[in-house]
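Quick mapping for you: the protein sequence lines, in order, are chains A and B.
Residue numbering for the first sequence is 1 to 317, as defined by this note's numbering.
Residue numbering for the second sequence is 318 to 497, as defined by this note's numbering.
Hints are not guaranteed to be accurate.
Claimed, not checked - Residues on chain B that point at chain A, a partial pick, calculated with CB under 10 Å:
#1 323
#2 328
#3 348
#4 349
#5 350
#6 361
#7 369
#8 373
#9 388
#10 431
#11 451
#12 452
#13 469
#14 470
#15 477
What the hints assert, rightly or not - Each computed EDC-like pair below joins lysine to aspartate or glutamate, with the alpha-carbon atoms no more than 20 Å apart:
#16 B:475 to A:52
#17 A:235 to A:252
#18 B:475 to B:416
#19 B:475 to A:43
#20 B:392 to B:350
#21 B:392 to B:347
#22 B:475 to A:114
#23 B:475 to A:103
#24 B:436 to B:448
#25 B:475 to A:12
#26 A:235 to A:114
#27 A:196 to A:283
#28 B:392 to B:349
#29 B:436 to B:421
#30 A:235 to A:116
Just so you know, the hints here were simulated from the structure itself, not pulled from any lab data.
Ideal placement from N, C-alpha and C gives every residue a C-beta, glycine not left out.
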Amino acid sequence: MSPKHPGCATIEADLVATATGEAASEAAQRVHAHVERCGSCREDLGRYRAIEGMVGRMRATVSDDRDARERLIARLGDLGRRRLTYGVFPSPLGPLLIGRTADGVSLVQYLGPEGDLRHSLLGRRPDVDAIEDSLAVEGFYRELLEYLDGRRDHLEWPLDLRLARSDFHRGVLRATAAIPYGAVCSYAGIACEIGKPTASRAVAQALRWNPLPIVVPCHRVVGSSGALVGYAGEKVDLKRRLLALEGAMPPEGTRIPRGAMYVTMPREHCYCLPTCTWIPTADHPHRFLFFGSRQRAEAAGLTPCEDCRPDLHPLAS
Amino acid sequence: MGPETFETVVAAHHPEIHRYLRRMTARPSEADDLSQETFLRAYRAFRALPDDANVRAWLFAIATNLFRNHVRSEKRRSTLHAAVLATRSESAGHGPEGETVYRETRTLIEGVVAALPFKQRTAFVLRKIHDLDYETIARTLDCSADSARANVFQALRKIRHGLNGHAIEGMRASEKELTP
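With the rest of the complex left out, here is chain A:
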């Protein structure tokens, strides 16, 4: 190839642009004026146009991506089932992580003062594909704040218990989820509910690993003596705050004042004074549910007992 004339070299970029239809009209005019006079550049312009035409035809090439696409869609389906979107939010109880899958809310976690994710369940579960997306869980967060603020007494969320450690744990969590706002029951009571009356220690372990604290209200499960026992590891203080918030105990208390609370049993329709005649002779006293106030008992759908009439003789609050 012979070296280009300097004028031809400077116009080459415009010439290519003209051939590919990308040149501004001024540049195109310059090129046309140049090729009028310069045969080799005229030829070049023709070649570039021919190349442009060739390349245009190459665009039409199809490659069959069907198999690849089907594999991809299968992978995405699998990922979708494992996906957990989460957000980390400030709360009166410290930073909280809220996570959900396509099936429902699956994780609520106290993160400690620094909001540290390192100890989160997220990194430890290969069956979960965690993605931060606060917007996806913000609605839950707002309801949770209302709850912590005492403006909401129920969280009717779809729940996904996949992060529980076993089916036994899931059974415990389901039974616990049925304890109404403002009530407490004992570990032994939950053990009876799931048909394993001797398993109260295992129940306590299951609740210790509750992936959905607050939502699955494990704070409402206490010792048979009324002692708070434990909460989410070392966080008994949070348990006290939640129970005080719900009116099940005084904020400064150290145990549930069972003797000064309204009493009922699972699936009963009425609530009683602790002095009602049937109570000393009950077959399963550990199954008692206790309410701190009539208001909470009635909000749970219970009516005053017609024998002891807690409506006429309310407990001193």
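Chain B: place on chain A using the hints.
This is chain B only, laid out in the frame that chain A set:
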């Protein structure tokens, strides 16, 4: 935005991204893997993508980055230049005379394109085959629009020179190949 929305993204863009990677890589399996990886990454980041984002340009950028990393790791094994063969086999088959000439020229062009430096080759394919604008190509390659334009220009120059210098020899060689 739910998984359904991403499915429509796959339906709309997978064929093209796959074609792009098929053109850039040597083996079909590489294009399959890279396009899958592109969409898996996109899936993870999809929710954070603004509503008005150009999804197509975004996917090309992910695919290009993955391809670049792939080339870097592949380079040690240097299987790159087989790309020409791969694209040629796609258009193999007998046809009328004009078709044969077209195929030969095309093979030549693809040979030159496959030998281009990464930036020129990517800019050329994105501009000429996939019709992305220079702004988008610039973002994909992390350079200025002018630099993207200059890379396409350099690629076209090399193609032109490639056809100049090798056209006669190359065509003769492939004529021999094609005549029984």
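For each hint, the structure was consulted:
Given hint, residue 323 of chain B at the interface with chain A, holds; its Cβ is 7 Å from that chain's nearest Cβ, closer than 10 Å. The restraint placing residue 328 of chain B at the interface with chain A holds, with a minimum CB-CB distance near 8 Å, inside the 10 Å limit. Interface hint at residue 348 of chain B: satisfied, since its Cβ lies 7 Å from the closest Cβ of chain A, which is below the 10 Å cut-off. A hinted interface residue such as residue 349 of chain B counts as satisfied when its beta carbon comes closer than 10 Å to some beta carbon of chain A; here the least separation is about 4 Å, so the hint holds.
Among the interface hints, the one on residue 350 of chain B holds; its C-beta lies about 9 Å from the nearest C-beta in chain A, closer than the 10 Å criterion. Taking 10 Å as the C-beta cut-off, the interface hint given for residue 361 of chain B holds, the closest approach to chain A being about 6 Å. With a least beta-carbon distance of about 16 Å to chain A, the hint placing residue 369 of chain B at the interface is violated under the 10 Å criterion. The closest approach between the C-beta of residue 373 of chain B and any C-beta of chain A is roughly 15 Å, which is over the 10 Å cut-off, so the hint fails.
The interface hint given for residue 388 of chain B is broken, as the beta carbon of that residue sits about 19 Å from the closest beta carbon of chain A, more than 10 Å. Below 10 Å, beta-carbon pairs count as interface contacts, and residue 431 of chain B has none with chain A, the closest being about 13 Å; its hint is therefore violated. Residue-level restraint check for residue 451 of chain B holds (minimum Cβ-Cβ distance to chain A is 9 Å; threshold 10 Å). Restraint check, residue 452 of chain B versus chain A: the minimum CB separation of about 13 Å is more than 10 Å; hint violated.
At about 8 Å, the closest approach between the beta carbon of residue 469 of chain B and any beta carbon in chain A falls short of 10 Å, and the interface hint on this residue holds. Checking residue 470 of chain B against chain A: minimum C-beta separation of about 5 Å stays under 10 Å; hint holds. At about 5 Å, the closest approach between the beta carbon of residue 477 of chain B and any beta carbon in chain A falls short of 10 Å, and the interface hint on this residue holds. Proximity of residue 475 of chain B to residue 52 of chain A is assessed by CA-CA distance (about 13 Å); at most 20 Å being required, the pair is judged to hold.
Annotation: proposed proximity of residue 235 of chain A to residue 252 of chain A holds, straight-line Cα distance about 15 Å (limit 20 Å). Restraint check for residue 475 of chain B and residue 416 of chain B: not satisfied, since their Cα atoms lie roughly 24 Å apart, outside the 20 Å limit. With a C-alpha separation of about 16 Å, the suggested pair residue 475 of chain B and residue 43 of chain A falls inside the 20 Å cut-off, and the hint holds. Among the hinted pairs, residue 392 of chain B with residue 350 of chain B is consistent with the structure: their alpha-carbon atoms are about 17 Å apart, no more than 20 Å.
With a C-alpha separation of about 14 Å, the suggested pairing of residue 392 of chain B with residue 347 of chain B holds against the 20 Å cut-off. Under the criterion of a C-alpha separation no larger than 20 Å, the hint pairing residue 475 of chain B with residue 114 of chain A is inconsistent with the structure, at around 57 Å. For the suggested pair residue 475 of chain B and residue 103 of chain A, the alpha carbons sit about 56 Å apart, so the restraint of at most 20 Å is broken. Taken as a hint, the residue 436 of chain B and residue 448 of chain B pair is honoured in the structure, with Cα atoms around 16 Å apart against an allowance of 20 Å.
Among the hinted pairs, residue 475 of chain B with residue 12 of chain A is consistent with the structure: their alpha-carbon atoms are about 13 Å apart, no more than 20 Å. Distance check on the hinted pair: residue 235 of chain A and residue 114 of chain A sit about 16 Å apart at the alpha-carbon level, within 20 Å; holds. For the given pair, residue 196 of chain A sits about 16 Å from residue 283 of chain A by alpha-carbon distance, which is consistent with the 20 Å threshold. Under the criterion of a C-alpha separation no larger than 20 Å, the hint pairing residue 392 of chain B with residue 349 of chain B is consistent with the structure, at around 19 Å.
Only pairs whose Cα atoms come within 20 Å are accepted, and residue 436 of chain B paired with residue 421 of chain B is rejected, the gap being roughly 25 Å. Between residue 235 of chain A and residue 116 of chain A, the direct Cα distance comes to roughly 16 Å. Compliance with the 20 Å bound is thereby established for this hinted pair.
The structure does not agree with the numbered hints 7, 8, 9, 10, 12, 18, 22, 23, 29 stated previously, though it agrees with the rest.
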